[in-house]
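Peer 1: Protein chains in written order, with this note's numbering: chain A, 1 to 160; chain B, 161 to 283.
Mixed in with the good hints there might be a few duds.
Stated by the list, open to error - Here are some chain B residues pointing at chain A (derived, C-beta under 8 Å):
#1 Ile242
#2 Arg244
#3 Pro247
#4 Ile249
What the hints assert, rightly or not - Which chain A residues face chain B? A few, computed with CB under 7 Å, are given here:
#5 Pro39
#6 Asn75
#7 Pro76
As the list claims (entries may be wrong) - Chain B residues, not near chain A, derived (Cβ > 10 Å throughout):
#8 Leu179
#9 Tyr193
#10 Tyr194
#11 Ser195
#12 Ile210
#13 Phe221
#14 Ile232
#15 Thr241
#16 Arg245
#17 Asp250
#18 Arg268
#19 Leu273
By construction, these hints were calculated from the structure, which means they are not laboratory data.
Note that the Cβ used here is the ideal one computed from N, Cα and C, for glycine as well.
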Amino acid sequence: MADNRIFTAKELSFLRELTRNKVPFMIVGLSAAALQGAPMVTQDVDLWFRNIDHPGIRKALNKLGGTLVEPIALNPPMFAGKNVEYFDIVLTVHGVDSFDKEVKAAVKVPFAGFSVCVLPLERIIASKRFLNREKDRMALPALKTALKTKRANERRPQRH
Amino acid sequence: MQMDTSKLKELCRKQRIRLRDLLNEAKVSRTAYYSLTRKESVLPKSVCRIARRLGVSPIRFLEDPAKSVERIRELQARTDTICRRHPGIDRDVALRTLMNLELPPIERLRKALIRGRQSHIHR
Chain A
1 MADNRIFTAK
11 ELSFLRELTR
21 NKVPFMIVGL
31 SAAALQGAPM
41 VTQDVDLWFR
51 NIDHPGIRKA
61 LNKLGGTLVE
71 PIALNPPMFA
81 GKNVEYFDIV
91 LTVHGVDSFD
101 KEVKAAVKVP
111 FAGFSVCVLP
121 LERIIASKRF
131 LNREKDRMAL
141 PALKTALKTK
151 RANERRPQRH
Chain B
161 MQMDTSKLKE
171 LCRKQRIRLR
181 DLLNEAKVSR
191 TAYYSLTRKE
201 SVLPKSVCRI
211 ARRLGVSPIR
221 FLEDPAKSVE
231 RIRELQARTD
241 TICRRHPGID
251 RDVALRTLMN
261 LELPPIERLR
271 KALIRGRQSH
281 IHR
């Protein structure tokens, strides 16, 4: 049975607030692949920010009762607070172009009343290929199949 | 919800089956059939009362399992076409992708997170 407590209105509100505050960000990683239909499993939603110091991030966090945990030594910056615990901060995505280039080709995924930029499946595959860790190699066949399926589905004549 | 015998007879004509044979194959007695055709509603009275109280047709809150089967069959047929075009791809992944594409994006993400968190717990 689906757990309705997962990714509720609070998490959606965080994404809405980031968009409202014009924070340049996009969803990347396996959650981005899932949003595009790939049957993947993931534990977190990776958010790639152009600039973590954007004031809109703090505004969104304040509204949702979350906090930004500053990076220290080898620990990257993180969000703290139960309404933002699903989100991971990404500042660099390996194997793809710069944020500014990638955001231009990003897929706009609609949520309730707003839309969010998502790294296209092709680019997620490129990043996984580049990283080539064991977990990336394991995800690649399903990602490639999902991409082929999605493309074939888009070419299908639509019924009206 | 009443039985529409003319619609049923039309379906029999299209599928080239006599009503008598249909009833035999479906293991429905003629008495039971004629009793159904005379009923004001073939649905249980409690369902009709709920619908009447809400002022809606019972169809609004009844699920037709045949439609779910039809939907799966259609997705399977589309999966077959894709697999023929791309030999070697994983059929299950293609089918699951098509099923996901029918869901709103937020539901696709929820599914991924629910399974991800469950597998983490069981690890």
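Peer 1: Give a verdict on every hint.
Peer 2: Hint check:
1. Using the Cβ-Cβ criterion of 8 Å, the hint placing Ile242 of chain B at the interface with chain A is satisfied: the shortest such distance is roughly 5 Å.
2. Taking 8 Å as the C-beta contact cut-off toward chain A, the hint placing Arg244 of chain B at the interface is violated, the least distance being around 10 Å.
3. The beta carbon of Pro247 of chain B comes no nearer than 11 Å to any beta carbon in chain A, farther than 8 Å, and the hint placing it at the interface is violated.
4. Interface restraint check for Ile249 of chain B: the shortest CB-CB distance to chain A comes to about 4 Å, inside 8 Å, so the restraint holds.
5. About 4 Å separates the beta-carbon of Pro39 of chain A from the nearest beta-carbon of chain B, less than 7 Å, and the hint is met.
6. Hint status for Asn75 of chain A relative to chain B: violated, with the closest Cβ pair at about 20 Å, above 7 Å.
7. Restraint check, Pro76 of chain A versus chain B: the minimum CB separation of about 20 Å is more than 7 Å; hint violated.
8. The claim that Leu179 of chain B lies off the interface holds: its Cβ sits roughly 33 Å from the closest Cβ of chain A, which is beyond the 10 Å cut-off.
9. Tyr193 of chain B, annotated as away from the interface, keeps every beta carbon of chain A farther than 10 Å; the closest lies near 36 Å.
10. Annotated as non-interface, Tyr194 of chain B keeps its C-beta farther than 10 Å from every C-beta of chain A; the closest such distance is 39 Å.
11. The claim that Ser195 of chain B is not at the interface with chain A holds, since no C-beta of that chain comes within 10 Å of its own (minimum 39 Å).
12. Every Cβ of chain A is farther than 10 Å from the Cβ of Ile210 of chain B; the closest lies at roughly 24 Å, confirming the non-interface assignment.
13. Interface exclusion of Phe221 of chain B from chain A stands, the closest Cβ pair being 20 Å apart, more than 10 Å.
14. Every beta carbon of chain A lies more than 10 Å from that of Ile232 of chain B, the smallest distance being close to 15 Å; the non-interface claim holds.
15. For Thr241 of chain B, the condition that its CB be more than 10 Å from all CB atoms of chain A is violated, with the nearest at approximately 7 Å.
16. Listed as outside the interface, Arg245 of chain B is inconsistent with that label: its C-beta sits roughly 6 Å from the nearest C-beta of chain A, within the 10 Å cut-off.
17. Against chain A, the non-interface label of Asp250 of chain B is violated: not every CB pair exceeds 10 Å, the least being about 5 Å.
18. Residue-level check failed: Arg268 of chain B sits 5 Å from the nearest beta carbon of chain A, not beyond 10 Å.
19. Once the 10 Å rule is applied to beta carbons, Leu273 of chain B is inconsistent with being away from chain A; the minimum gap is 5 Å.
The structure is inconsistent with the numbered hints 2, 3, 6, 7, 15, 16, 17, 18, 19, although it conforms to all the rest.
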